[in-house]
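Which chain is which? The protein sequence lines are G and V, in order.
The first sequence runs 281 to 347 under the working numbering.
The second sequence runs 664 to 822 under the working numbering.
Source of the hints: derived by calculation from the structure; they are not laboratory data.
Watch out, some of these pointers could steer you wrong.
What the hints assert, rightly or not - What follows is a set of in silico ranges between Cβ atoms, one per label pair, in the way DEER data are often shown:
id, chain 1, residue 1, chain 2, residue 2, range
1, G, Val281, V, Tyr753, 46 to 56 Å
2, G, His319, V, Val736, 36 to 46 Å
3, G, Glu337, V, Gln758, 50 to 60 Å
4, V, Ser701, G, Pro330, 41 to 51 Å
5, V, Arg700, G, Glu337, 25 to 35 Å
6, G, Glu337, V, Glu767, 24 to 34 Å
7, V, Glu767, G, Ala288, 31 to 41 Å
The structure presented is a predicted model; accordingly, all values stated were derived computationally and were not measured.
Backbone N, C-alpha and C fix where the C-beta goes; we use that ideal spot for every residue, glycine too.
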Amino acid sequence: VFERIERAEVQRLVEAGAQLVEVLPRGEYDHEHIAGARHIPLRELDARAPRELDRGELVIVYCHDFL
Amino acid sequence: MSPRAALRLTHFGFTQVYDYVPGKSDWMAAGLPREGRSAQIPNAGDLARADVATCRYRSSATEALESMHANGVNFCVAVDRDSVVVGMVYRDEAQNADGRTVEEVMRRGPTTIRASEPLEPLTARMTRADVDAILVTTPEGRLLGLLDRHHAEAHIHPG
């Protein structure tokens, strides 16, 4: 189960050390991403998330928008 | 895409997973820090001046005049307690306000843009509309600053 989150809460949690992850393809991340966000594209998530993210810490994922 | 990613993470045993659904378009629109190639190119939020004269829309028109005087300008932006833009007040109208409030003399609903607006098409639209300056706000309407078209054009075409 996961929850939706809004911008102000993202700012607060990231400042507190949450892991912020953009899941869009490489080109979109390279073009522009939220400062400090790491990059794991959706298609690589299964292979990389267990290795690269800390299960004990909060994770926030995002893509472009809700459209 | 991000809901699928969040769901996958819960399957891998991550217990504290959040999906920032509005995503980076929302973040950039609010003028928050960004990285990447496009971050090297200024947008509307980068060039907007934050030191804009403001007044509370429930305050007196006299206070609006004081704000204009303090900032050396002929207008001020009427905002609510959360800095959400609700109108514009101009010196001529505030001077003849006769004890009225900002709300009674302001022009409601000024045009605003988001911080992520690219400068070149924006300044072209402003030129066509003969607009010299425009307010930049967050998606919720909170004031970020005022973008001057000539200042923006100088950045696009230096020298």
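These are the hints, each one checked on the structure:
| no. | hint | in the structure |
| --- | --- | --- |
| 1 | G:Val281 - V:Tyr753: 46 to 56 Å | 53 Å, holds |
| 2 | G:His319 - V:Val736: 36 to 46 Å | 43 Å, holds |
| 3 | G:Glu337 - V:Gln758: 50 to 60 Å | 58 Å, holds |
| 4 | V:Ser701 - G:Pro330: 41 to 51 Å | 31 Å, violated |
| 5 | V:Arg700 - G:Glu337: 25 to 35 Å | 29 Å, holds |
| 6 | G:Glu337 - V:Glu767: 24 to 34 Å | 52 Å, violated |
| 7 | V:Glu767 - G:Ala288: 31 to 41 Å | 32 Å, holds |
Hint compliance for this structure: hints 4 and 6 are broken, all remaining hints hold.
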